[in-house]
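Engineer: Put chain B with the ligand on the given structure of chain A with help from the hints.
Keeping their order, the protein sequence lines are chains A and B. Heads up: the first sequence begins at 12 in the working numbering, then just goes up one per residue. Heads up: the second sequence begins at 266 in the working numbering, then just goes up one per residue.
By construction, these hints were calculated from the structure, which means they are not laboratory data. What you are looking at is a predicted structure, and each value in this text was computed from that prediction instead of being measured. Hints may be right or wrong, so weigh each one.
Which bits of chain A does chain B cover? Going by a derived footprint, with three or more residues having C-beta under 8 Å, they are [what the hints assert, rightly or not]:
1. 113-124
2. 232-240
Here are the computed distance ranges between Cβ atoms for each label pair [unchecked claim]:
3. A:R124 / B:R391: 44 to 52 Å
4. B:K387 / A:I265: 19 to 27 Å
5. A:G283 / B:R569: 33 to 41 Å
6. B:S318 / A:G216: 45 to 53 Å
7. A:N282 / B:E279: 53 to 61 Å
8. A:R263 / B:R391: 19 to 27 Å
When the alpha-carbon atoms are kept at most 30 Å apart in a straight line, the in silico DSBU-like pairs for lysine-lysine are as follows [as the list claims (entries may be wrong)]:
9. A:K292 / A:K144
10. A:K121 / A:K55
11. A:K281 / A:K121
12. B:K501 / A:K121
13. B:K549 / A:K55
14. B:K387 / B:K414
A virtual CB, placed ideally from N, CA and C, is assigned to each residue, including glycine.
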Amino acid sequence: MPVFKDLFRSKSRYATVKPAQGDGEPARTQAARPKEVPDGLWVKCPGCQNILYQRELARNLKVCARCGHHFHVGAVERLSQLLDSLDTFEEWDADLRTVNPLGFPGYEEKLARMQAQTGLSEAVVTGEGRLDKHPVAIGVLDFSFFSGSMGSVVGEKLTRLFERALERRIPVIVVSGGGGGARMQEGILSLMQMAKTSQAVERFGESRQPYISVLTNPTMGGVYASFASLGDYILAEPGALIGFAGPRIVERTIRQSLPSGFQTSEFALKNGMVDMIVERKDLRPTLARILRLHRA
Amino acid sequence: MVNGVFEWERPLIELENRIKELQAFTKEKGIDFSEELATLERKADRLRAEIFSNLTPWQRVQLARHPRRPTTLDYINMICTDFIELSGDRCVRNDEAMVGGIALLDGIPVTIIGPQKGRDTKENIRRNFGLPHPEGYRKALRLMIQAEKFGRPIVTLIDVVGAYPGIEAEQRGQGVAIAENIRRMSFLRVPIVCVITGEGGSGGALAIGVGDRVLMMENAWYSVISPEMCAEILWKDTSRAPEAAAVLKIGAQDLLELGVIDEVIPEPLGGAHRDRELAAQRLKEAVVRHLRELLPLSGDELVRRRLEKYRRMGRVAQVTEERLQAVSESPRD
Ligand SMILES: [Zn+2]
Chain A
12 MPVFKDLFRS KSRYATVKPA QGDGEPARTQ AARPKEVPDG LWVKCPGCQN ILYQRELARN
72 LKVCARCGHH FHVGAVERLS QLLDSLDTFE EWDADLRTVN PLGFPGYEEK LARMQAQTGL
132 SEAVVTGEGR LDKHPVAIGV LDFSFFSGSM GSVVGEKLTR LFERALERRI PVIVVSGGGG
192 GARMQEGILS LMQMAKTSQA VERFGESRQP YISVLTNPTM GGVYASFASL GDYILAEPGA
252 LIGFAGPRIV ERTIRQSLPS GFQTSEFALK NGMVDMIVER KDLRPTLARI LRLHRA
Chain B
266 MVNGVFEWER PLIELENRIK ELQAFTKEKG IDFSEELATL ERKADRLRAE IFSNLTPWQR
326 VQLARHPRRP TTLDYINMIC TDFIELSGDR CVRNDEAMVG GIALLDGIPV TIIGPQKGRD
386 TKENIRRNFG LPHPEGYRKA LRLMIQAEKF GRPIVTLIDV VGAYPGIEAE QRGQGVAIAE
446 NIRRMSFLRV PIVCVITGEG GSGGALAIGV GDRVLMMENA WYSVISPEMC AEILWKDTSR
506 APEAAAVLKI GAQDLLELGV IDEVIPEPLG GAHRDRELAA QRLKEAVVRH LRELLPLSGD
566 ELVRRRLEKY RRMGRVAQVT EERLQAVSES PRD
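Next comes chain A alone, as it looks inside the complex (with noise of 0.2 Å):
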């Protein structure tokens, strides 16, 4: 991704501009491929510890064949997984970049990182996309940029997103997979992202177009209290951690072992708090059931 790092290398020529509403015209850029399998041909499964053939992973939706072990996927391949085809998608805001407002000690060099590690410019990639033929608004939280946390840019691109959405009167979807919650390196201004994509959400509900928010691992903090648990449908994958602290945090504090099993969508669903556990095969499917509902 030559284009894409050159971009972040040359922050003196950003125009630095305050988010102002979604007046203009999205930014038009292709979204950028998935990138082949990393280094290592097998990898050890989490779940079952087996060692596993790279390539028939990626055939199987990056789910274990043997335990269904759901492992990460980035947010390029979730829109393949999800959309027709990754030629429907169109990216929206994608010049959008990060500014170090706080002046932080190494986040700049922590993103390029990221930047170059991923090829992505931020973690989350928004746009427009057909499933099941039809338009819909699409966010992807992309866990392996920051854990997929939630700084300005993400906040503002999803912000966006939610205003076209009720402009186009279309769906949205949201995938949602930060560990990181709130991102630490923006400070208060991270916070303020929560009630700016709330507020986003809820103006939304004026299309009467669904918001289907999808829970994959993990989904905490800043980012599950605010956008993610508002969705008017809840769907987790299976074994993905989710809740509002960490439950290392959860542990100190009480000074006693969590339960087994504990902060799971399993959990979360037997407490009441998302609509269905759906495995990823059945992902696709069953978000376009709960659409053609919508459209009938």
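Structural biologist: Quick look at chain B with the ligand alone, frame taken from chain A:
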């Protein structure tokens, strides 16, 4: 800290104690020490200015956590009349880490809400150290919706390390409760004034912190993460929290500059605990002034402006069209 005194303020406290002793001695024995007293007072004034006018971010965090700092109920009792406390979320239980009720504030009927820390160990256990469960946030929301029904403005006083991280809290949907509060508060058709009076710990603070005006006491902090946790993540060392406090920009002045809060309420020199009445008086003055500005606005106008305010939050950059093109034409390497 020993007996409520920080190491960095010890010389002043010792001097103040000597002055008190000398005054008592004067009264008791009838000997005139006025000259000595005047000298000591001058010295104390100098020392006070020296110590308190250049507080570091971490020193302010310590002041925000001072055990004698006024709590939510202390402030309510000092600034309101006719406070009637209301309880429960009508679902699970009454979370005493969150208090709320109706009262008169300078003659204005208000719903006033905030997390409540204990003032001693016994009360802290009852109050869960001021760390609310989801039902605490749901109680707050219930009271806010009630306020909207009766067209009553809402005041929230925020002093909370964070939402409680526990098993039941997670079972009952801490994250969902916070998200729901944020969403509902954003669209309430009555004026909302929020004040960070002490600690503003992340989502647990924002869950009662979405308002038309957000004010902050001078020594309060408000952050996405506590300085201790930030230090642990960055350097695996909580003792470096003072550095983290500086890096995170969590002070009132920082937040004013970042456009996240609207006003800093000055505290008595050395912190709210040194003159609680004065601190409360300034808090009341600011809240009432903002409420009176907001009261004439319609529900539509309030919500419109509130959404606009939050819509602007955050800083992003945009790569320009031509730059994008230039790079595409001549990629590096
Ligand atoms: Zn397996």
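Engineer: Evaluate each hint against the coordinates.
Structural biologist: These are the hints, each one checked on the structure:
1. 113-124: holds (count 3)
2. 232-240: It holds, with 8 qualifying residues against the three required.
3. A:R124 / B:R391: 44 to 52 Å: 47 Å, holds
4. B:K387 / A:I265: 19 to 27 Å: 20 Å, holds
5. A:G283 / B:R569: 33 to 41 Å: Between A:G283 and B:R569, where Cβ atoms are some 34 Å apart, the hint holds.
6. B:S318 / A:G216: 45 to 53 Å: Given about 49 Å between the Cβ atoms, the range holds.
7. A:N282 / B:E279: 53 to 61 Å: 54 Å, holds
8. A:R263 / B:R391: 19 to 27 Å: Between A:R263 and B:R391, where Cβ atoms are some 22 Å apart, the hint holds.
9. A:K292 / A:K144: This hinted pair holds, its Cα atoms lying about 19 Å apart.
10. A:K121 / A:K55: 27 Å, holds
11. A:K281 / A:K121: Outside the cut-off at roughly 38 Å; violated.
12. B:K501 / A:K121: 17 Å, holds
13. B:K549 / A:K55: 61 Å, violated
14. B:K387 / B:K414: Measuring from Cα to Cα gives roughly 36 Å; hence the hint is violated.
Checked against the numbered hints above, the structure violates hints 11, 13 and 14; every other hint is satisfied.
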